[in-house]
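As a plain string of letters, each chain reads:
2 protein chains.
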Amino acid sequence: MAECENPIRFGIMGCAQIARKVSRAITMAPNSTLFAIASRSIDKARQFAVRNNLSEEVKLYGDYNDLLDDPCVDAVYMPLPTSLHLKWAVLAAQKGKHLLLEKPSALHVKELDKILEACESNGLQFMDGSMWYHHPRTAKMKDFLSNLELFGRIKAIHSSSSFTGTSQFLENDIRVKPDLDALGALGDAGWYCIGAILWSMNKKLPTTVTALPAIARNSAGVILSCSASLYWDEGKTVATFYCSLISHETMDLAICGSNGTLRVEDFIIPYEESSAAFSFTSVAKFVDLHIGWNVKPQEVHVACKLSQEAMMIQEFSRLVKGIKLSRLRPDSKWASTTRNTQLVLDAVKNSIEIGFKPVQM
Amino acid sequence: MAECENPIRFGIMGCAQIARKVSRAITMAPNSTLFAIASRSIDKARQFAVRNNLSEEVKLYGDYNDLLDDPCVDAVYMPLPTSLHLKWAVLAAQKGKHLLLEKPSALHVKELDKILEACESNGLQFMDGSMWYHHPRTAKMKDFLSNLELFGRIKAIHSSSSFTGTSQFLENDIRVKPDLDALGALGDAGWYCIGAILWSMNKKLPTTVTALPAIARNSAGVILSCSASLYWDEGKTVATFYCSLISHETMDLAICGSNGTLRVEDFIIPYEESSAAFSFTSVAKFVDLHIGWNVKPQEVHVACKLSQEAMMIQEFSRLVKGIKLSRLRPDSKWASTTRNTQLVLDAVKNSIEIGFKPVQM
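As they're listed, the protein sequences go chains A and B. All residue numbers for the first sequence refer to full-length UniProt numbering, where the first residue is 1 and numbers rise by one. All residue numbers for the second sequence refer to full-length UniProt numbering, where the first residue is 1 and numbers rise by one.
Think of the hints as simulated: they come from the structure by calculation, not from any bench. Be careful, since some hints might not be right.
Because identical chains cannot be distinguished in the list, a pair is counted as satisfied if it fits within a single copy or across any two copies.
[As the list claims (entries may be wrong)] Calculated cross-link-like contacts (lysine to aspartate or glutamate; reagent style EDC-like; alpha-carbon spacing at most 20 Å): (1) K87 - E120; (2) K357 - E234; (3) K236 - E353; (4) K321 - E234; (5) K285 - E171; (6) K296 - E273; (7) K285 - D173; (8) K296 - E272; (9) K357 - E57; (10) K296 - E149; (11) K333 - E56; (12) K333 - E315; (13) K285 - E273.
In this text, all values refer to a predicted model and were calculated from it rather than measured experimentally.
Generate the whole structure from the sequences, applying the supplied hints.
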């Protein structure tokens, strides 16, 4: 197995659009290599390899099981439809593969817990495919939010994640099919809003989650857009979000504290790869007569040598290497980040199902 | 009365902080003049005149009634505590004074309707003191929102209006006193959010208003921060807002359409007087592999020769002149803007009082 040790060898299970981006990221990450891809047919795997100019050394499998049986595959990146996660993620763990699972992680937390349990009991690293946590901008934003003087205590959060699905998307994409991604916009775009809100709150779960009675569904009942509100500490902190597959492109996060405000408009996919920005205002006051402000928002630009998705792969592979080479324990931080996101997502879905009533967590 | 006809002569009733800004605006507006100020005592009126370097020609009254009895006063600007609006605004109208009424306009719409009725039956112009409607930026933003190609249909709105009250403010300001401004943050900061949301919707009232169960009150029960959600057309359009007197300074309006997004961060008080900006993104798409966007937000800068408050005074005086000189009818647009804002404010308050349940409008 010595030959497989360095770099971490990835197998990609499923040739979704997002796999194109992640396969590139695996190639870019210095401690990782794309070792194999699997689709439901060898033809599809071949097509994917050709379209994405994959090296001829990348193994092609026409069956997911074959990839999982390959002893040289260290880790699996799994962009399968959500309804297939439970089966294949558990199987991957049973076969000893570290797991980078595309979001939404599961249809509900009970499924996710089976996946996490399978990873944990086999000593495997788990991470979901939320890339933005790994951008250096995210750490810089957290620095600001953690500064009691500049930002203070957190008061209100609003996030919006939306894009305009093409008519082809809205008819055919797995994200609008009840048997594939039953969570629709909530599982796709909403995953980021929930993640961003929990990230802002240092992963602290809200006490109450209430879906807002403003929801659009397609003819199959899949959510195309929805909103929700979250509260902490008897409402001392409030968050709202809007997610949609039928609205113009937004990736907004606005956080208001007692002393400062942070705003970012492209937190999920930065406008450009090499650099990303956010803005903040701190201890702003209105000038005499309230005819202006004493400060304007300041922009912080953060350079990014590696794309955020390559940094995600790099971090995942670093953890996998630690487990493989140094017998470290898997880092449970990523599993708990995913689980908290799923818990809130489940609560929003539950609130929708019971008529937009509050769900206590 | 010929001597009083040109420019419009304003009397200010009440020497609140905001009166300083508006007295300056009256002086700046080319078709208006500050004719008199009244306070509850002549000493207070004199202090105000000295502190604000008012011309010695400005008449000082120690009784509101005296100002209303002055036949040369065409119009009254009234920044009194909300609980006093009904009495003094109706009296002002009965005395034939056009009325610029500070917001919130009244404690509830029944009071407001008496004020509006008094103005209408006496052929008087009514306007509330929301300044931002009069900034040229606001018209530019409306141009963008009205462009079906660039912005499309409106989908989601979020607004935030907050400031950090000093300890002195939180103890003594009229806006936190139940007998003076019982509407607290909702009537003060929330007024702008509601106004901005209705402005975005071309004044169309929501079908449902629901306060979010995240609310802070002072020991007297006055709201210090709250949130609400509004829906139109069975939830096809959703709006949320956050208003607070105990959070960092925000004045945000973010509007997402089917084809575009508009964002402004200082819509109530522009960062500076001479120029204001907003940004928009239109028909944004993610580039191949979703590693960036095809466009970045564009900033639109709008120069402002007169401050927005002076433009408000100018517009109000223009309408008053039309009534005085050309026997035009009062422009009911401003009354209906105020009334719709008050209606939604009342609905939010109602929703809070009935335990955050939805209120149909």
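Item to complete: Go through the copies and call it for K285 and E273: within, between, both or neither, with a Cα cutoff of 20 Å.
Response: Intra 35 Å, inter 15 Å, cutoff 20 Å: inter-copy only.
Worksheet entry | Homo-oligomer pair classification [E149, K296; C-alpha up to 20 Å] | within (17 Å within a copy, 31 Å between copies)
Discussion item. As a check of your reading, is K357 near E57 (CA-CA no more than 20 Å) within one copy, between copies, both or neither?
Written reply: Intra 54 Å, inter 61 Å, cutoff 20 Å: neither.
Item to complete: State whether the alpha carbon distance between K87 and E120 is at most 20 Å within one copy, between copies, both, or neither.
Response: Classified as within: same-chain Cα gap 16 Å, cross-chain 71 Å, threshold 20 Å.
Discussion item. My question is about K333 and E315: at a cut-off of 20 Å on alpha-carbon distance, are they close within one copy, between copies, both, or neither?
Written reply: Answer is within: at 12 Å inside a copy they meet the 20 Å cutoff, but 59 Å across does not.
Practice prompt. Pop the pair K236 and E353 into one bin, within, between, both or neither, using alpha-carbon distances up to 20 Å.
Written response: between (26 Å within a copy, 18 Å between copies)
Item to complete: Have a look at K321 and E234 and pick one of within, between, both or neither, based on CA distance no larger than 20 Å.
Response: neither (43 Å within a copy, 52 Å between copies)
Worksheet item: Are the CA atoms of K357 and E234 at most 20 Å apart within a copy, between copies, both, or neither?
Response: For K357 and E234, the Cα distance is within 20 Å both inside one copy (16 Å) and across copies (17 Å).
Worksheet item: Taking 20 Å as the upper bound on the Cα-Cα distance, should K285 and E171 be classified as within, between, both, or neither?
Response: Answer is between: at 19 Å across copies they meet the 20 Å cutoff, but 50 Å inside does not.
Worksheet entry | 20 Å Cα threshold - placement of E273 relative to K296 | Answer is between; shortest inter-copy Cα gap is 13 Å, intra-copy 26 Å.
Worksheet item: At most 20 Å between C-alpha atoms: does K333 with E56 qualify within a copy, between copies, both, or neither?
Response: The answer is neither: 36 Å in one copy and 70 Å across copies each exceed 20 Å.
Discussion item. Within, between, both or neither: how does the pair K296, E272 come out at a Cα-Cα threshold of 20 Å?
Written reply: between (24 Å within a copy, 9 Å between copies)
Of the numbered hints listed earlier, those contradicted by the structure are 4, 9, 11.
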